[in-house]
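The task is simple: from the sequences and hints, build the whole structure.
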Amino acid sequence: MLAEESIALIKEKAAKYPERKSAILPALTVAYRQVGHLNDELYSEISEIIRVPAVEIAEAATFYTMFPKHPVGKYLIQVCHNISCALLGADSLIGYLEEKLEIKKGETTSDNLFTLVTVECLGSCCTAPMMQINQDYYENLTRERVDEILEELRTRA
Amino acid sequence: MAEAVTKKAPSNKATVTLTIDGRSVTVDKGTTVLEAARSLGIHVPTFCWHPKLKSVGSCRMCYVEIEKMPKLQVSCATEAMDGMVVATDSDLVKQGRRAVIEFILMNHPLDCPTCDQGGECQLQDLTFAHAIDDSRFAFQKERFVEDGSVSTFDDVQIGPEIMLNRNRCIQCYKCVRANKEAFGEFDLGAFERGNITEINAAPGRQVDNPFSGNLAEICPVGALTGMDWRYKIRVWLTKTVSSICPFTASGVNTLMYMDETKNRIYRTTSRRNDEIDDGWLSNVSRYAYQVVHADDRLLTPFIRRDGKQVEATWDEALDLIAKRLSDIQDQKGCVCIGGLVSPRLDNATLYGFNKLMRHVIGTNNVDYRTEYRMLPQTPEDHYQAACSQPIRISDVDDSDVIVVFGSDMLKEHPNLYLRIRKAFNFGAARIFILNPYSTKASDVAELEMVYHAGMDEVALGAVCLTAVEKGIVSSDETDRLREAIAFDSASAAALACGLEPDHLELMARAMAEARKVTFLAGEIISRSREREPIAAAICNLNRLFSINTKGQFGILPGHSNSRGAHHLGLAPDPPASIKAKLRSLWGQYPDTETNTTDSMMVQMRKEEIDGLIIMGANPVMLYPDRAFARESLEKLDFLVVSDLFETETTELADVVLPLSSWAEYTGDYVNLEGRVQTASKAIHPIGDSRPGYAIVEAIADRLENTLYTAEDYRRDEIDTMLEVDTACPVPNLYVPSKGGQDEDDAEYPIALMIGDDPHHRGHYTEKSASLTSHVGEAYLELSPDLAAGHEIKEGDSVRIESPVGKVVLPARISEHIRNDIVFVPRNFPSAPVTSLLMRKRRIDRVRISKVVR
Ligand code: SF4
Ligand code: FES
Ligand code: FES
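Keeping their order, the protein sequence lines are chains S and R.
Residues in the first sequence are numbered consecutively from 1, following this note's numbering.
Residues in the second sequence are numbered consecutively from 158, following this note's numbering.
One or more hints might be untrue.
Reference listing, derived: stretches of chain S covered by chain R, where coverage requires no fewer than 3 residues with Cβ under 8 Å from a Cβ of chain R [claimed, not checked]:
| id | segment |
| --- | --- |
| 1 | 57-64 |
| 2 | 132-140 |
Taking lysine to any residue pairs in the SDA-like style, the calculated list, with each CA pair at most 20 Å apart, reads [what the hints assert, rightly or not]:
| id | chain 1 | residue 1 | chain 2 | residue 2 |
| --- | --- | --- | --- | --- |
| 3 | R | K337 | S | E19 |
| 4 | R | K579 | S | P53 |
| 5 | S | K69 | R | F348 |
By construction, these hints were calculated from the structure, which means they are not laboratory data.
In this text the structure is predicted, and so the values were computed from the model without any measurement.
Even for Gly, the Cβ is constructed at its ideal location relative to N, Cα and C.
Listed below in structure tokens is the structure:
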């Protein structure tokens, strides 16, 4: 369910666009920020607000891997597995993360802290391998770096 | 109400000249390289391109080489330019196409032996054509699997008639694009991306829109297949026969796939005719063929003996008909016999029927409009004129103003509905809709104006008066206009109709400024008791705005051969030019009294008509006063009914004759434009049924008056009739409005509208399993507020009562309908909704209540 403030914010954003469809991504972003992920109910709520068919909103939402479509942990770890990162060991890094967090990719740790997913190229090939956690990039990764990062996030939590 | 939309002006037609495979071609600017090549007859393979959709260039199959361009180009999304030199068949192009196919086959299962698309799969054909037998993609194919199954049969039914296999999808997006762009439907989408891109139903929905069958037809592979055809037969074992949709007045062109050895039709696809249908079929047109094979077709004649209908031979039936008709004629004369015929029957049947009734029997009791109430015996000049105007379906495309008046376009003329959407999406049309209830076309309308039921001619008159008062058009007829609608000013009239005066002005200005106007009225008008004043208002509007000189206007006929019925003189009192032709063909024309469906029924009740022949019509079910129709027919001494099925009307018959369907003989039909089209014989008649023309000829023979002395005469006479220009002159009289003059019964506060469901048309379609799988029962459509006021929720049983009848139907709540009106489809024999209607009413009124269990 979208909160009053989110609905107001979506309306405000939508008013800026001459094409109603253009408001889809800003609206999804608002919904995602509030709820932490997206789902079918949110698509139909947004559909009513910006008056764009729900299917078009679902299409846009599922196209972008940046929007999680299921509840995720506090930290959403998105590891790039595209070509540059893959050449520099992304696969082994993903295996290492799975081992350390004791989850498989796509899953969330039992303390609800970490969710691990893989994504397509994040445009940071020159610092491969890399991952994004929530809004931040972590680059030139090694196993040691991963240990440090996880440690730091745990303490911060 | 849709908000105003700004449209681009159409581009002016400049041309460009280019060279393709060494041949020079000149095309309009804006043409794609692909279309330029096609115009030379050069075939460039495609997957994602569709002639009626915008190009997206997603499949890359249409690669061509263009000089001075560094890489191969997709011809479907490259505009032809002056001086371009294009190669469609170079080694580089072939190599590029091979790579595209190899890439598409990366994830495509090679399950062709068990795929229903086999034999008509574009991917199979192009793989074959490019001799590709190897792949560099050696890894596991990406798979969608349902329920953990490892089979490539990831079959998911996403709608009543659509099966989806995501593994076979090649992401051409034609299905989603057609659904949105051409049909304006949003029940299907393309989700995710990359390897796991997936076509599927929209969240929480089914793909069940009235055009959904097209999706399986246009899918180039076996990703979307039609449930009706799946695994029944291989396509190469069928023979195709060209046909016409018998349920649409546009005369949509179809292909029937049949197996001669089984005398069976397996499916219908489009036989694209850009002037009529653009290659789209509504589900009604697509699944109508199933009516032919319904298992309760009448297979033999029946004769009533001792009160019961028992099987009989054709000889017995025909002898009885001849004897009883002669008896009636001998006793009381030919005026005591009448005939009602369905305007869905072909020209030979209609003409033969007319000749049998008027020439052999000698009566003027002939009518084909058995669904319209209270047709007056005097000719309706304005109505006839508005119905016989020349209309071109394709002229909708480049009209810049389109007005729809009194028509639920989607339900009445699905292909015109698509044309209007196209004129909006691809052309520059501004669309105005003026209706007593909101319709599905409203999302492309600049304005949808909903007037109070029964105020049709006042609403239209108010548009005319607005134009005159505001000086939008000049006219010296202001007073007469005021007098006709019985209001002093346009704004007073508008308000009485529940319309905003400003809206009428906007529409009037648009029509006055337009380059080309298309004005279409429909069944809501034709079904009104006050057709004539409404038609007069239409004629006035036409004159004031000169619509017919810069566009087209008319009331559209309701059925696949209504126009033919008009041309062939099946109206009780046809226009003089038609009568003159008939007289010269037959050497005589009866001078007896003329009677319409309604006045015939009145005479039956007075026992002034004793014998009646009905062919293909079902007045008991569809005449808008069921009790009246039934009681009238019950009074007859002798009733002959010929039909495909046992109906509410055949039940009353003394002789029932099995009629062949349109697929069982070759027949001609005149579409709403006046175009004569042929539906060819696909299969032999089912059972002992006979085509309508053969039945009327057999009856005439028994009456010792052969209809045609030689076989060719039938065609010659019909051709002569169709040569006549029967567009009636448009009269310019004023007919006083009868708007809102019905007694307003406080006990029955809600107006009732009866029409077709988008998946059905009149009777018969409920026999098509695919259509009933979409909508299989009647319902009551009502507004959320009205529902809430009666504590009715979606699906609740609701009792609907009028002064004369009562039916119980499930509720369907719709945002699109006003609080003072409800809609009920008339297509289901199980819900006799015409029992709520009274023929003398202008607007039927009901009250509703929730059925408490
Ligand atoms: S389902 Fe068929 S029509 Fe739709 S995108 Fe896939 S291949 Fe194209
Ligand atoms: S491939 Fe990983 S960031 Fe580009
Ligand atoms: S047909 Fe041109 S890219 Fe698909």
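Verification of the hints:
By the rule of at least three residues with a Cβ nearer than 8 Å to a Cβ of chain R, the coverage given for the segment 57-64 of chain S holds, with 4 such residues. Requiring three or more residues with a Cβ within less than 8 Å of a Cβ of chain R, the coverage given for the segment 132-140 of chain S is violated, as only 0 such residues are present. Taking the CA atoms of R:K337 and S:E19, the gap is near 16 Å; set against the 20 Å cutoff, the hint holds. At most 20 Å may separate the alpha-carbon atoms for a hinted pair to count; R:K579 and S:P53 meet this at roughly 19 Å.
Simply put, S:K69 and R:F348 have alpha-carbon atoms about 12 Å apart, close enough for the 20 Å limit, and the pair holds.
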